[in-house]
Structure formats: C-alpha cells, structure tokens
Amino acid sequence: MGKRALAGAVVVFLMGAAAYASFYIAPEEKTMHVLQRIFYFHAATAWAGMTALFIGFVANLLYVWRREGKWDALGVACAEVGLACFTVVLITGPIWAKPAWGIYWTWDARLTSTFILWLLYVSYLLLRTLIEEPDRRALLSALFGIFAFIDVPIVFGAIRWWRTQHPAPVIMGGPGSGLDPTMSKVFFFSVFALHCLVVFLINERYRLEKLRAKFEIVRREAEAI
Amino acid sequence: MSLLSNTAVLLGKELRTEFRSRELLTTTFIFILTIIVLFSFTFDPTSDESRRFAPGLFWLAFLFASSLMLQSCFLREQPNDTLSALRLSVSDPFSIFLAKLAANALFLLLTELLLLPFFTVMYNVPVLPVLHWLALVFFLASLGISIAGTALSAISAQARMRELLLPLLMLPLLTPILVASAEATKALLDRAPYVPWAGMGFLTVFDVVFLTAIWLFGEYLLEE
Numbered sequence: 001m002g003k004r005a006l007a008g009a010v011v012v013f014l015m016g017a018a019a020y021a022s023f024y025i026a027p028e029e030k031t032m033h034v035l036q037r038i039f040y041f042h043a044a045t046a047w048a049g050m051t052a053l054f055i056g057f058v059a060n061l062l063y064v065w066r067r068e069g070k071w072d073a074l075g076v077a078c079a080e081v082g083l084a085c086f087t088v089v090l091i092t093g094p095i096w097a098k099p100a101w102g103i104y105w106t107w108d109a110r111l112t113s114t115f116i117l118w119l120l121y122v123s124y125l126l127l128r129t130l131i132e133e134p135d136r137r138a139l140l141s142a143l144f145g146i147f148a149f150i151d152v153p154i155v156f157g158a159i160r161w162w163r164t165q166h167p168a169p170v171i172m173g174g175p176g177s178g179l180d181p182t183m184s185k186v187f188f189f190s191v192f193a194l195h196c197l198v199v200f201l202i203n204e205r206y207r208l209e210k211l212r213a214k215f216e217i218v219r220r221e222a223e224a225i
Numbered sequence: 001m002s003l004l005s006n007t008a009v010l011l012g013k014e015l016r017t018e019f020r021s022r023e024l025l026t027t028t029f030i031f032i033l034t035i036i037v038l039f040s041f042t043f044d045p046t047s048d049e050s051r052r053f054a055p056g057l058f059w060l061a062f063l064f065a066s067s068l069m070l071q072s073c074f075l076r077e078q079p080n081d082t083l084s085a086l087r088l089s090v091s092d093p094f095s096i097f098l099a100k101l102a103a104n105a106l107f108l109l110l111t112e113l114l115l116l117p118f119f120t121v122m123y124n125v126p127v128l129p130v131l132h133w134l135a136l137v138f139f140l141a142s143l144g145i146s147i148a149g150t151a152l153s154a155i156s157a158q159a160r161m162r163e164l165l166l167p168l169l170m171l172p173l174l175t176p177i178l179v180a181s182a183e184a185t186k187a188l189l190d191r192a193p194y195v196p197w198a199g200m201g202f203l204t205v206f207d208v209v210f211l212t213a214i215w216l217f218g219e220y221l222l223e224e
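Going down the list, the sequences are from chains A and B.
Each residue of the first sequence is one higher than the one before, starting from 1 at the first, in my numbering.
Each residue of the second sequence is one higher than the one before, starting from 1 at the first, in my numbering.
Hints listed in this document are in silico derivations from the structure and should not be mistaken for laboratory results.
Please note that the accuracy of each hint is not assured.
[Stated by the list, open to error] Derived DEER-like restraints, expressed as beta-carbon distance ranges:
1. A:Met15 x B:Ser40: 50 to 58 Å
2. B:Ala198 x A:Ala9: 50 to 58 Å
3. A:Ala100 x B:Trp197: 29 to 37 Å
4. B:Thr82 x A:Phe215: 32 to 40 Å
5. A:Trp105 x B:Leu75: 31 to 39 Å
6. B:Thr82 x A:Arg160: 42 to 50 Å
7. B:Thr212 x A:Arg67: 17 to 25 Å
8. B:Arg191 x A:Arg160: 22 to 30 Å
9. B:Trp197 x A:Asp180: 38 to 46 Å
10. A:Val12 x B:Glu163: 41 to 49 Å
11. B:Thr42 x A:Tyr20: 50 to 58 Å
Glycine included, every Cβ here is placed at the ideal spot set by N, Cα and C.
Next up, chain A with everything else stripped away, as it sits in the complex (with noise of 0.2 Å):
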C-alpha cells in the first residue's frame, strides 16, 4: 500500500507541475496567445494514450503466445486506460478547434483516425462484455486488439492521404517546423508527467483486473460447492 500511495503522490505532483510549467514556465505563443497552452495537455495526453495502447497491443501478442492470464489482464488495463486518454484528446481537441479554426470539429485526417481508434477500442471493450468464458474471452479479445492495433497506421495513411486541417507535425515534422526551446522542455515534461500517469493507472487497473480474475475463481468454486 505504502509504495503504491507514494506513486500516487508523485504522479499528482508530476501532474501539477506540469500544469504550473504549461501556464507560467512556458512563453505565450505568437497567433493563438494563452489558447495555446491547451497544447501541453492534448498533444502530451494522445502520445501518452498511444503509449498505452502500444504496451497493450504487446501484452496482446504475449498473451496469444504464452496464454498467461497477467497478460489479458494487462491488454484489458492498457486499452481503458489508452481510451481514457483518447477521449480526453477528443475533448480537449474541440475546445482548442473552437476558438483557433471557428469550428469544433472537422472532418480531417488526425481527429477523423482519433475517432476511428476511439471506435475501435470501445468495440475491443465491448466485445470482452459479451464473451462469458474467460479463456476464450482473453484470447478473442487479444486477437481483436491485435487486428486493431495493425489497423490503425493504415486508417490514419488512408484518411490522410485523401481530405485534411489539423496542423501539420510541429514536432520532428521536418525542415521549418519545431518549437521554442523551452516550449519544447515544457511540452517534454508533460509527455512525462503524462507517461507516469498512464502507468500508475495502468498499473492499478492491472492490479483489479487480477483481482477481479480471483473473485471470479472463488466464486465459481463456491457456487460448485
């Protein structure tokens, strides 16, 4: 319990850090002014939700291969918490569009692939409600999570590709783009802050997912009793 709280202790200061750095650290941008510092929460939050989601899409392939129980438990506590983040990217996403574009939302490549992925990984979740065995239930859904996880670079390629208005990469985007400097220390101690948010949640969803799998045991063995 002890290391546990004093993760959950550093995470909220991690978080509120990067909170005062987004707000008082950071230079006030060009064009958009105190709007642009929404940038620190929502860009850091989709590369923390893809990190997630990257970890679960591993634990997916680990658990078709070995059929270890901690690896479904896994997948199933990085694709809620990747969802989590990606919901949270598609709100912040139309509170910025609204003031910056006149628009909360438009169809274009990265919001429409953010939407398709949401899409995806509630179907993932939703898929795991309605099988009752739970063997068969880890293994379809991993495999689901696989083919989800192979889909979305050919989703985003394929929107992309034919309509877009999101700004083009402003990080590693190449030749023109980048960010001041101390935007860019900012911007990078968010996506930390962010990183060890996603796996202290991940881990405590991990933890009740186990827990949950022993609840489940006990309980069939009493109602055999």
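Given chain A, work out where chain B should sit, using these hints.
Just chain B now, with coordinates in the frame of chain A:
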C-alpha cells in the same frame, strides 16, 4: 501443396452449399437494392451530384450489406458442430480460413457485378468505358472486406449479441477500404476519368497486411 488442395476442396464445399439455396446472394442483392433506392430519397440525385455521391453511397451500402452477409459463414457450421470436423480433417487450419474468405470474396464480387447495371441506370453514371478498372477496384475491395470480415465473423460467432457485434467490430476496422474504394470509384466515374493508382495501391496494401495477420493468427481464432 496440401494447403492449396485442401483450400480448393473446402472452397468447392462453400460454393456448393451456397449455390444449392442461393439464399445469401439473393437476400444481399435485394438488401443493397433497397438501400440504393432509399438513398435517393435523402438527396436529389441529379447527374452532377450523383457523380460526387454515388461511389460513396454504393460502397457504404455494400459495406453494410457485407457486415450482414459475413455473419453466416461461421454460424452455419455451429448447429452440427461441423467446424470441429473440418478442423480434424485438414492439416493446416489456415486452409479453412482461406476457403471461407475466398468464397466470401467471390460472393461479394458477384453481388457487386450484378448490382452494377442497376446502379448505372438509376444513378446515371457511365461505367462501360472504365469497366475493367472498376472490376479491379471491386476485386481488391471485396478481397479486403472478406479477409478482415471473415476473421471478425469467427470472433463474433463465439460471442453474445453476434448480429450487432459483427458490424461494430467490422465497420471501423474497414474504414480504409471504404475511403480508398470510394475515392478510386470516384476517380473512375469522374467527367475526366483517370486510373486511381493510389486507391488501388492502398487496397492492395490493406489486403496484404490483413492476409498476413490472418495467416499468422487465424488458427487461434478456430481454437476450441
């Protein structure tokens, strides 16, 4: 070699089963025809507008229909547990998948080609000059739909609420097919038609990626 010969035998079985009753093809055909007629009420299908909207509508109708059509390919093995028998009788479970997805791709392609004349007449889009390219787009898209759709129908057949679940799993996953095939068809039906290399390349990439994924993981989907 046994993979191919097994697949050929199983494909023959799938085709025989369907062509005895032709239930699947008839109902899918009528379903898409109904959707195409209903779409005409949602906007005014004058010539220029149809050129812009028709390809998207066609593929959307098609995707919905295929999400219903693909339900049955594993469900019909369930009443007599014939899937276990199939698994026992082939050396490589991948051939079961290959046969089912080839059969599904053929059914889809056949429905598309049967619907094309109706579509041409009702939406006033000329297809004859670009028919060979259109057939290629149809082939690549049907293959993609049936590769991913067959795998997902193996998943949904083992869950509750399977009739609703398959479209939910399938439609977001198949977005790239919808985008690429609608754009490719639009390019072919344009006033100045051009060959949609990008669209066809994209469909090919999708087909290859998902066929590889199913080759790697397909056998687990059929586990008891």
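Comparing the hints with the structure gives:
The hinted range of 50 to 58 Å is satisfied by methionine 15 of chain A and serine 40 of chain B, whose Cβ atoms lie roughly 54 Å apart. A hinted range of 50 to 58 Å for the beta carbons of alanine 198 of chain B and alanine 9 of chain A is consistent with their spacing of about 52 Å. Between alanine 100 of chain A and tryptophan 197 of chain B the Cβ separation comes to about 36 Å, which falls inside the hinted range of 29 to 37 Å. Separation of threonine 82 of chain B from phenylalanine 215 of chain A is about 37 Å and conforms to the stated range, judged on CB atoms against 32 to 40 Å.
The supplied range of 31 to 39 Å is met by tryptophan 105 of chain A and leucine 75 of chain B, whose beta-carbon atoms lie about 38 Å from each other. At about 44 Å, the CB distance of threonine 82 of chain B to arginine 160 of chain A agrees with the hint of 42 to 50 Å. Taken as a hint, the range 17 to 25 Å holds for the pair threonine 212 of chain B and arginine 67 of chain A, whose Cβ atoms sit roughly 22 Å apart. As the Cβ distance of arginine 191 of chain B to arginine 160 of chain A is approximately 26 Å, the hint placing it in 22 to 30 Å holds.
For tryptophan 197 of chain B and aspartate 180 of chain A, the Cβ-Cβ distance of about 41 Å falls inside the hinted range of 38 to 46 Å, so the restraint holds. Between valine 12 of chain A and glutamate 163 of chain B the Cβ separation comes to about 45 Å, which falls inside the hinted range of 41 to 49 Å. For the pair threonine 42 of chain B and tyrosine 20 of chain A, the beta carbons lie near 52 Å from each other, so the given range of 50 to 58 Å is met.
Taken one by one, the earlier hints all hold for this structure without exception.
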